[in-house]
Structure formats: structure tokens, C-alpha cells
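Engineer: Model the placement of chain P on the given structure of chain E, informed by the hints.
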Amino acid sequence: MNRMEIVNPVARVSEGEKAASGKGVASLQGLTVGLLDNGMPHAGDFLSHVGEALSERYGAKLFVRKKGFTARSAGKDMLDEIAGSCQVAVTGFGI
Amino acid sequence: MVVGKGFETAARSFARAYRSPLLRLLLVDDTVAHQGGESLIRIARQGIEAIAAEWRGGAGETPVPTNGAGIEPVLTVPVDFAEANQFLLEKGMTDGLPVLLPTREAVARFVAASNRRGEEVIARLMPRMADITVEAIAANAVMAGCTPAMMPILITMVQAMEAEEYSINHVVTTAHTLFPIVVVNGPIAREVGMSDGRDLSAKGWRANATIGRAVRLIMFNCIGDLENRGATCQGHFAKYFDALTENVEMSPWEPLHVERGYQETDSVVTVFTAEPIHMVDDHSALTAQGILGTFGTVIACSGTRPMFGKAQHMLIFGPSHANKVSQGGFDKRLVRDFIYEVYRVPVHMYPPEARERWSPWKQMFYGVNSMENATIPVVEDKEDLIIVVHGGAGPNSLFAPGVYNHRSVTRKVE
Numbered sequence: 001m002n003r004m005e006i007v008n009p010v011a012r013v014s015e016g017e018k019a020a021s022g023k024g025v026a027s028l029q030g031l032t033v034g035l036l037d038n039g040m041p042h043a044g045d046f047l048s049h050v051g052e053a054l055s056e057r058y059g060a061k062l063f064v065r066k067k068g069f070t071a072r073s074a075g076k077d078m079l080d081e082i083a084g085s086c087q088v089a090v091t092g093f094g095i
Numbered sequence: 001m002v003v004g005k006g007f008e009t010a011a012r013s014f015a016r017a018y019r020s021p022l023l024r025l026l027l028v029d030d031t032v033a034h035q036g037g038e039s040l041i042r043i044a045r046q047g048i049e050a051i052a053a054e055w056r057g058g059a060g061e062t063p064v065p066t067n068g069a070g071i072e073p074v075l076t077v078p079v080d081f082a083e084a085n086q087f088l089l090e091k092g093m094t095d096g097l098p099v100l101l102p103t104r105e106a107v108a109r110f111v112a113a114s115n116r117r118g119e120e121v122i123a124r125l126m127p128r129m130a131d132i133t134v135e136a137i138a139a140n141a142v143m144a145g146c147t148p149a150m151m152p153i154l155i156t157m158v159q160a161m162e163a164e165e166y167s168i169n170h171v172v173t174t175a176h177t178l179f180p181i182v183v184v185n186g187p188i189a190r191e192v193g194m195s196d197g198r199d200l201s202a203k204g205w206r207a208n209a210t211i212g213r214a215v216r217l218i219m220f221n222c223i224g225d226l227e228n229r230g231a232t233c234q235g236h237f238a239k240y241f242d243a244l245t246e247n248v249e250m251s252p253w254e255p256l257h258v259e260r261g262y263q264e265t266d267s268v269v270t271v272f273t274a275e276p277i278h279m280v281d282d283h284s285a286l287t288a289q290g291i292l293g294t295f296g297t298v299i300a301c302s303g304t305r306p307m308f309g310k311a312q313h314m315l316i317f318g319p320s321h322a323n324k325v326s327q328g329g330f331d332k333r334l335v336r337d338f339i340y341e342v343y344r345v346p347v348h349m350y351p352p353e354a355r356e357r358w359s360p361w362k363q364m365f366y367g368v369n370s371m372e373n374a375t376i377p378v379v380e381d382k383e384d385l386i387i388v389v390h391g392g393a394g395p396n397s398l399f400a401p402g403v404y405n406h407r408s409v410t411r412k413v414e
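Top to bottom, those sequences are chains E and P.
Per my numbering, residue 1 is the first one in the first sequence, and the count goes up by one each step.
Per my numbering, residue 1 is the first one in the second sequence, and the count goes up by one each step.
Chain P with its partners taken away, still in its complex shape:
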């Protein structure tokens, strides 16, 4: 396997997950992706001898210890809070912020709140394929500062991440600056005290922030490789995230879970993989089209991942914008129609080299003999524009670009 140097630990993690003992690594400079011509040939030919030598060596079975074998169910840490946190930080088990300690008593309370047994395995997810038990989720939820009532949300989120279309292994191991957005709809959002965006108090932020934090800790400790926290290009930036619920009271449209076929009274979790969020700032438009136009100009750019393949986008409307747009006669379907039809990216906005990475669909429609002023819709299917309403007073909204070949997944809380 030819591996970029920044991805060595991730590559070994995959080898362990697949129980593959004969994986030989040839490490190359991470920038080989930007090499071409003679430079690429030189790198390839320099590697041949190393590849051949690796294959000729090591005949016979080579058992590989599984990643995570030998992990003890209980840790012994200093009683002092700061020292215990330092201990966990050095073990790579935290996100860099102080954590609450997952004592047996605290974890037991969280397990009890789930109405499941602690040893129940909710999922096994790539790359590490570890047993993500209710107890493991509970321990990370305690550390994040969650309340026990949030356990059903976290369990449902892990279940949703198991869907193949979510591509969890990419989310956990990629260098791309992306993160899961967790949307919680239905009664449980209110029960656990989630903010629909209106709260300016810490009390309102707590649930959103701790659920989001638990997502990240679960990804670290239960899904990803123990030695690799993701070879991200921009480190931690944009990796601290929270969850959200919709402002149903002030929204003119049906909430996401109802749109997806659930009852309004169902508690539902949706996971969506997003790039860093961008604000949509419109203080002056007097028409629905004006506001949607501002959205459109933020969305229609050529430098985000969705521009290269089939992806979803999430449009997070503030209530002020949503109601103005609705008053102009736009329901969610017409919002999608408008963005898709009107706000497109001209072919000439893509550098020629970037067009080589276009999806097969884009190549077929716009790649051959296309006019430079032809325009490409921001999504391949209008339904890939996900619309939610979140926030309080103020003429602002948010745009969360998706990632191509990642689909949002919705599951009901059971």
C-alpha cells in the first residue's frame, strides 16, 4: 500500500480492522496528489524496489494483534481531577477540554437511562470495528457532560452512523475538515433541554454542546483508530461542534423528520456530514427571491466538495428569513426549485484541472464540448437540499455544505 506519510497510522488501523497481516507500506510525501508528469514517474519508479523487497520478505503467517485487544474495562486514574484529566489527555481519550470522570456509578446511571443492558452492542463501525456498547457510549456521554436523558439520542446517532451511505469510516479518518451535524427532532429535544437557537443562556446551550461533544468523543474512543485522531489538514479547527434542534414554533414549514415520513410526535435523530458552516447574511431584501438569492450566492461556488460529486447541502434558515420566504409563496419544494434552477455555477468558474475530478454525472452533462457559460446546479437532485429552521431573532441564516458520497441518515429514537 502506497501511503501518504500523514496517513500511516490510519492505514495500519484499516489493516488491523481487516485482519490483514501482510500489509506492506510504502510511505510517500503527502503532496504526491499534486504531482504529475516526470515527477510522478520518478516517485513511482523509486518505490518499485522497496515494494518488490517487501513482497519477497516475510514469508509465512504473520498474526497481527487487533487494534484494541487487551484494553481493560476499567482504568485507574489519580483522584485529583486535574491530574486525572491530564492522565486521560495523555492517553488520547479526550478532546483537549476537561472531562467529567466516567465513574462506575455515573456510567451506571446513564446505562439505566437507556433502558438497555450495558453490554449490548449497538454497532461496530469502521475503521476499528470495536464493540460500541451501551456502556461505552455512556462513559463518553459522562465525559462530555451530558445528562442521562440524552442516552437515547446518542444511541440512535450511532445506529444511524452504521448506514453504509453515511460513510463513517471517511468521516473518522479523513484529512478533510468535516464533522457530523446531529439534528434532533421531536419531543426528546425539548425533554433534554436542547436549544432551538433562540437561547442566549448557557442553560440553553448545554444540551446542544454536550451532545455534540459526546459525538466527537465517541468517534475518538469507539470508532476511530487509537493512534490516529484523523489526519486533518486543519487540525481541530471546525471540529468542535454541537447538535441542533429546529425552532418549530417559529417555522413556517414542516420539520425535517415529518418531511421524512415520521410523525410529529416521534423523536428522531438525523446525522449529516458537513464542511464548516457559512453564515448567510441578508439584512435588506424585501422579497423572498432576494433572500433566496443571498442564499444562492453563498451556495453556488466551485470550491466545496459537493461541486465534485453527488452531495447534499443543509440550509439552516433563521426564522426571520424562513417566514419572509414563506410569505413570498415558497414552501420547501419551491425553495429547492428556486436554488436549483436559478443559482448555478458557470462552467468557466471551474479551473480546467478541477473538472477532471467532476462526478460522472457532471462529466456527462458538462464535461464534453460544454459551453463555458453553461451553468451547473449546486446539487444533482433538488431533494439533496436539506432545509431546517433553527435560530432566533435576527436576519441571519446558515449554510452547511455537505460532502460528496455522504448521505444524511435519519433514525427514530426507540
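Excised from the complex, chain E in its bound form:
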């Protein structure tokens, strides 16, 4: 067989943290929904409409936060705040 070995140029992800655990929800009634504005144009407007509809239709409470810069993480503090205050969350990517 005319084949040869080369070093794989693709970097590997080492064994590391386990996948974060979490559960779905049986109902949205009375839940607190996090809305994370990713800073893209009109993202805030879009999420506000999402939040309104979730609140009207499912009685969800809203918890709104906005990132400083679209392409950077919201930061541990903000993410911890959302995780600690909400059961589910909505954000945007690429829009």
C-alpha cells in the first residue's frame, strides 16, 4: 500500500473538564428567563420581543443583561449571575 505517515496538524483537545450537567424544564410557567443581549445591532430589540412573548404566553419572568462587546465572553461574573438567577436563557450568535 503506497501510504505514508505524517504528523497531524490539527491540535487536540486534552481530556479536561467534564461536560456541564443540566436538565430541561417540564414547564415554563413562572420560570425566570435570562435574556443576554450580545451587543449586535437590534439584538436588544429582538430579545425584548422574545421576552414579551414568553412572558405573555408562559408567564415567565425576565432577567435581562447586555454584553460589553459582541465577540468577547460576557464574563464569568455575568454568566454566574444569569445561571444563579435563571432556569433558562436566550442569547444570540451571528445575528
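Because the hints were derived from the structure by calculation, they are not lab data.
Stretches of chain E that chain P covers, calculated by requiring three or more beta carbons in the stretch to come under 8 Å of a beta carbon on chain P:
| # | region |
| --- | --- |
| 1 | 4–10 |
| 2 | 37–46 |
| 3 | 53–59 |
| 4 | 80–92 |
Using 30 Å as the maximum straight-line C-alpha spacing, the simulated DSSO-like pairs for lysine-lysine come out as follows:
| # | chain 1 | residue 1 | chain 2 | residue 2 |
| --- | --- | --- | --- | --- |
| 5 | P | Lys239 | E | Lys67 |
| 6 | E | Lys66 | P | Lys5 |
| 7 | P | Lys412 | P | Lys310 |
| 8 | P | Lys5 | E | Lys76 |
| 9 | E | Lys76 | P | Lys310 |
| 10 | P | Lys239 | P | Lys91 |
| 11 | P | Lys5 | E | Lys61 |
| 12 | P | Lys310 | E | Lys67 |
Selected chain E positions facing chain P (in silico; Cβ < 7 Å):
| # | residue |
| --- | --- |
| 13 | Val13 |
| 14 | Ser14 |
| 15 | Val25 |
| 16 | Leu28 |
| 17 | His49 |
| 18 | Val50 |
| 19 | Phe69 |
Source: prediction; values computed, not measured.
Backbone N, C-alpha and C fix where the C-beta goes; we use that ideal spot for every residue, glycine too.
Structural biologist: Quick look at chain P alone, frame taken from chain E:
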């Protein structure tokens, strides 16, 4: 997560990087950013049922395989060069051009040239958070056509990209047409044969081109998502780039690394994220102000990313322009002062909708009750005008717009 359709693979990559198993995606048309009013409301409300259904399903832990787990350290490829390249191309491991094959022997030579162990992890960068080892950098450097002596430059570049202010995850995943400019200063530039812009021979171009190519391959194979080469609006265009070093001999000013506090004899790498470069063409000005005016009219426009937030620009002076400007009494500080003070963008040049995207600084100074003929400087801080001298004979220079919220990062080669 509400995701534009062109960004689905990138979104899943981030979810894997964060080990997030319960990421539900709602795909929407990429043009939702240009929607408003009733159209936006309709899209949002249509998505509610899908969002709610996703949340109600899938209770329990959902382990997610990490992106890159199970990648073997060695690949088996056809011996035939063309077939091997086709194999790698189909795996998404190349930039579309033929690559040299990273054999064990070749990679070992490159690792040895780094004076480090191959398994040493230089960095882990978003989005994939893979182990960017010396060996991985070496394999991509071989593929790019680099020489082993270039390894310290590439390692230092990866280290520089780790700085938070560089925003590497945006560079790798964005749809924007941007790319890293790598500036190499100091003795190592000459040692590896980099061109300061004067060379018209391929020999002079090789180092610049292969370093730049290695940057891109490292971004593909070591940083970015394996399934997503960047959801760019304009595909590959302007994504083939090279590195540069300054023409120190013909420059009237101190080089970038000295300006940033390093010794002239230090070898230093700077990474800067740029939009596509524009030529600055001035064949006739007899004064420094005339040449700077030509620069200014190229820079002072309202359609580049820096106009919306704090960003740096890179002014790449050809030696002819640099010396004329210097002879007119301008050092780098005065060049910055002149561009900042004289060449500004009138408020009325911005469409009203574009002003909604202005940075907080611009909003504060020019957003409320601003006169339409008020003028806005091209950068928020004068120091954000980065000046280098590169090139040979001829009355031309280059302007590389930066990207807001991206900062250049400089590191010494160790």
C-alpha cells in the same frame, strides 16, 4: 441560542468549548440584523414555540463530546504528493494551496529549532481550546513552507494572540473580512530572510509569505472549529496575507518595537488585526502636510469598523513618504497629532442609522445635539495610530484599518 444560519457550526463550536450540553439552537435568517419593526416582532414570536419546545425536551444530563477529542496524532496519507494534498484538502486542513507534508522528520527538525519540547503547550485559544503544542505549530509551519528558523516567530505570535485584548475568538470566527498582520522587528527578521518591502525577488518574499501562511493554517487547525473556517461574508478574499518587517535602513523614525519599549537588538513580534489594506497614492505632494493629507483622506471615512468603536489603525509608510514627512519636521508623535486634529469625519457623513452603533465615547461627544458639521477624529486616542515603515522605492504607502475592540499585542521572542 438564536443563531444566524451561517453561524451554526461556529455556535456549536463555542458550546463544545464551554462544555455546554444543553445549548438549543434556533436558526434564523442571517439578515435578521437588518430587520426591524413588525418584521422583527414576527420572527421573534415565530421562534417562541420552538424555544419553549426545546427547553421542555431533553431533561437530564447530555454529555457532549469535545471538539477534537479522538484526533489521532498521526495521519496516514497517500505517498503521491498530489493525492496527499487532495486528502488533506478534503479533510479541511489546508488553505486550498498545495502544502508540504509534515513528516515526522520534518516536524522534528522544526521542533528542534524552537529549543522547546514538542509536547509543550504554548496556548489554548478560543473557540476550540485545543492544546496548541510546539509540535502542532511545527506541523503547520512545515505545511506552509516555512524554514525551521521561523519557529520562534510563530510561537511568539501564538503567545501574543492569547492576550485578551487581541480577541482571537472574534478573529477566527467572525464573518468580517479581517486578518492578522504580523510585524516582526529585530535581528530575527533578517536571520530568517524577511523582506522589508524592497525585495522584488521571490527569495525576498518567501519568509513573509510563508510566515503569513502559517498564521492562517494555525488558525484553521489549532484555534478555529474543525467544521467552520469562518463564516466570512467575502470568503477567501483578503484572507491570504503575509507578514512584514520594517525597512529600518531607510526609515527616519524608530521602529515599532523600540517605540514600545524594547531594545533595538531585541527580536519582537506584534500581531494586529486589520481589515483589507488600502494603498495611499501620493505622487505629487511637495510638503509633509500634503502627503499626510493624502493619508488623511484615505483614513477619514465613515464605513470602516473603527468608526464605530475604539480601534487602532496601522499606517504603513513607504520610505519615500516617511522621509519627506520627516524632513518637514514630523516625528511619529506629530504625525499622529496631525492626522487626529486635521483629518476628521464630519458627523453628517454618517447615516443616521449608523450612528446608533457608535461607541459610548462617540455617543457621549457627538451623539446628542451634535452639530452636523462637527468633526470626529479617526481614532479615540492618538496613540491608536500605529506607524511602521515598510517598502522600497516609490511614492506609495499603505493604510490598514483596524477593528474596534481589537488591540495589537507585542511580545518579545524568547
